[in-house]
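Undergrad: Each chain is listed here by its residues.
Number of protein chains: 2
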Amino acid sequence: MSETTRALASQGGASQVEEGTAFAPKFDANGLLTCVTIEASSGEVLMVAHMNALALQRTIATREAWYFSRSRRELWRKGATSGFVQRVIEMRVDCDQDTILLRVEQAGGGACHTGRHSCFYREVPLGSEGPITLEVRDQKVFDPSAVYGERT
Amino acid sequence: MSETTRALASQGGASQVEEGTAFAPKFDANGLLTCVTIEASSGEVLMVAHMNALALQRTIATREAWYFSRSRRELWRKGATSGFVQRVIEMRVDCDQDTILLRVEQAGGGACHTGRHSCFYREVPLGSEGPITLEVRDQKVFDPSAVYGERT
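Each protein sequence line maps, in turn, to chains F and Y. Our numbering numbers the first residue of the first sequence as 58 and each following residue consecutively. Our numbering numbers the first residue of the second sequence as 58 and each following residue consecutively.
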């Protein structure tokens, strides 16, 4: 694919970053932004991942979600293996421009590599004393070994 | 306040972290988790912030959102200055346990220190060529200088 060459602005002072209309994303020390991805139809939070500048630019250019995998240290087109791509309906940026919010149409069964629709399938109980035991709230909607192959 | 002493488990292998019910949050090199906070009534994403272990434990114990401010390097009870506290209705954790999702009741006008209801008040236009100009989608719902005092 041809790379987009759309320029990203450098960050100015806080009022410019927060009140201005220049897109000046604040990448962290590893060159990454945080990205929250929600499902357009349901509003559900599907996943949180990271983007480097190239993933951000490809997402803007192609209207499909690209991320940067910190564990594999590589650019990652969501759905490249599973076919469960994310078509981006809307992108927003937060006040200090270090976090992206994507509103997407999620293809296939779900966003989570474990087989769930959302990565947030477990609840953390609040308030009570004693050891914290997670409560599973959402079941698998696809078989990850069938979609990704056996994990090693 | 008395500190909670609820133990957080250490992370085991991937299948234990992803499929188990032990709460074993994966703090990053700076001792932080990412936290996405959504409004219970609307489902809107209000903000993304960070939690250290103490912020996490206080949030669990008090059912009010506590964060760790990276810029001020201090524990931060959301709403301590503004009164715009967040009562936590539900906490979830993601597959690899490095991100928390809070469903909250947001007191007062909004969650963003700039005066907006949500931090994600600007849209990043997709696809087109040329410089990227953000489009402001949400207006201020409170006057931050009245709530926080003049920023220096």
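Simulated from the structure, these hints should not be mistaken for lab results. In this text the structure is predicted, and so the values were computed from the model without any measurement. Please note that the accuracy of each hint is not assured.
Copies of the same chain look alike in the list, so a pair counts if it works inside one copy or between any two.
Straight-line alpha carbon distances no greater than 20 Å define the calculated SDA-like cross-link-like pairs of lysine to any residue that follow [to be verified]:
hint: 1; residue 1: K83; residue 2: P188
hint: 2; residue 1: K197; residue 2: L132
hint: 3; residue 1: K83; residue 2: H107
hint: 4; residue 1: K83; residue 2: S126
hint: 5; residue 1: K83; residue 2: L191
hint: 6; residue 1: K83; residue 2: Q68
Undergrad: Could you run down the list of hints and mark each one as holding or not?
TA: Hint-by-hint comparison with the structure:
1. K83 with P188: between (38 Å within a copy, 17 Å between copies)
2. K197 with L132: Classified as neither; 26 Å inside a copy, 36 Å across copies.
3. K83 with H107: Both: 13 Å inside a chain and 16 Å across chains, each within 20 Å.
4. K83 with S126: Both: 18 Å inside a chain and 16 Å across chains, each within 20 Å.
5. K83 with L191: between (34 Å within a copy, 15 Å between copies)
6. K83 with Q68: within (7 Å within a copy, 30 Å between copies)
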